[in-house]
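Student: Now for the letters of each chain:
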Amino acid sequence: GAVVSQHPSWVICKSGTSVKIECRSLDFQATTMFWYRQFPKQSLMLMATSNEGSKATYEQGVEKDKFLINHASLTLSTLTVTSAHPEDSSFYICSAGKLVGGETQYFGPGTRLLVL
Amino acid sequence: GENVEQHPSTLSVQEGDSAVIKCTYSDSASNYFPWYKQELGKRPQLIIDIRSNVGEKKDQRIAVTLNKTAKHFSLHITETQPEDSAVYFCASHYGGSQGNLIFGKGTKLSVKP
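Same order as they appear, the protein sequences are chains P and C. Residue 4 is where the first sequence starts when you use our numbering, and the numbers rise one by one after that. Residue 32 is where the second sequence starts when you use our numbering, and the numbers rise one by one after that.
Looking at chain P on its own, in the form it has when it is part of the complex (with noise of 0.2 Å):
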């Protein structure tokens, strides 16, 4: 199998709170996982790729102050949205990378966070 969780689900949260989501992979460890963020009824918009005990790599526009990402394990990788303001609003989901013959990505089920 190939099943990765995320949690939490949904979050609503003040402006200027922190906000923490854990991504893990259930049943395998993950070579690589990677977090996106989308915006309704649009793509799917790569923030950072991750690998553990190495820092991650953002891609460009996105504050890696901002969105911190820790990969503490082949299984686990959080991403804090820190000082959180009602632009930061959105669905996050993670993914993680399995290796079967090349890289397959799996997603989890996405956090939708509402900052107010």
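No lab work stands behind these hints, which were simulated from the structure alone. There are no misleading hints in this set.
Taking lysine to aspartate or glutamate pairs in the DMTMM-like style, the calculated list, with each CA pair at most 20 Å apart, reads: (1) C:K73 <-> P:E25; (2) P:K101 <-> C:D80; (3) C:K73 <-> C:D115.
Sample of chain P residues at the chain C side, in silico, Cβ under 7 Å: (4) S46; (5) L49; (6) Q108.
Since the structure is predicted, the reported quantities are computational estimates derived from the model, not experimental observations. Note that CB positions come from ideal geometry on N, CA and C, so glycine has one too.
Following the hints, position chain C against chain P.
Tutor: Chain C alone, transformed into the frame defined by chain P:
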């Protein structure tokens, strides 16, 4: 950098008809092309994929074709059913084992009963 174009953006078919979604990519080094289905509010789910050493792959009602020379690949769904209604994303993967997926903008497929 890599760019993936996907067409059409919306597609409406009658139940039982076939649906075809096409994507083009720009980087000739791209070597892996997955297709994901995303239902409203849910995660994208991998439905089929193809690697650059293969020209066609089929899984029941779903097939994918790849033309490396023209740098385009297509998803074919036959005998469509209402539960096929969703947004479909193509993607192109490059850069080795830790390369990223570049997604198309998606196609909203509606299958009318």
